[in-house]
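Visitor: Sequence:
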Amino acid sequence: MCCDRYYSRVNPLVIAAHPLESNQFGVVLSNGHVYVVEPSESEGKWGTLPPGST
8 MCCDRYYSRV NPLVIAAHPL ESNQFGVVLS NGHVYVVEPS ESEGKWGTLP
58 PGST
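FYI, in my numbering the residues of the sequence shown are 8 to 61.
Just so you know, these hints were derived from the structure itself, not from any lab.
Note that the coordinates shown come from a computational prediction; the quantities given were computed from them, not determined experimentally.
Using N, Cα and C, we set each Cβ at its ideal position, and we do this for glycine too.
A hint or two may mislead.
Beta-carbon label-pair distances, calculated as ranges [said to hold, decoys possible]: (1) S15 / P46: 24 to 30 Å; (2) S47 / A24: 15 to 21 Å; (3) S15 / S47: 24 to 30 Å; (4) V21 / P46: 17 to 23 Å.
Required output: the full structure, derived from the provided sequences and hints.
Guide: What follows is the structure in structure tokens.
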């Protein structure tokens, strides 16, 4: 193929939750990049029960 030398497979190595921010998690990729992910509409609601579910 013409572009094999430019193609590099990147895989997630680690996915971890933030210990203090329940709406954030980090992803470490096989190429060394680290990304912190926070959904734009989470409003800190991840990891909490919906109202009336207790």
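Visitor: Each of the hints needs a verdict: does it hold here or not?
Guide: Hints, one by one, checked against the model:
Distance hint for S15 and P46: a CB-CB separation of about 28 Å, consistent with the stated range 24 to 30 Å. Range check, S47 to A24: Cβ separation about 18 Å, and the 15 to 21 Å hint holds. About 29 Å separates the C-beta atoms of S15 and S47, a value consistent with the hinted range of 24 to 30 Å. The hinted window of 17 to 23 Å between V21 and P46 holds, with their beta carbons roughly 19 Å apart.
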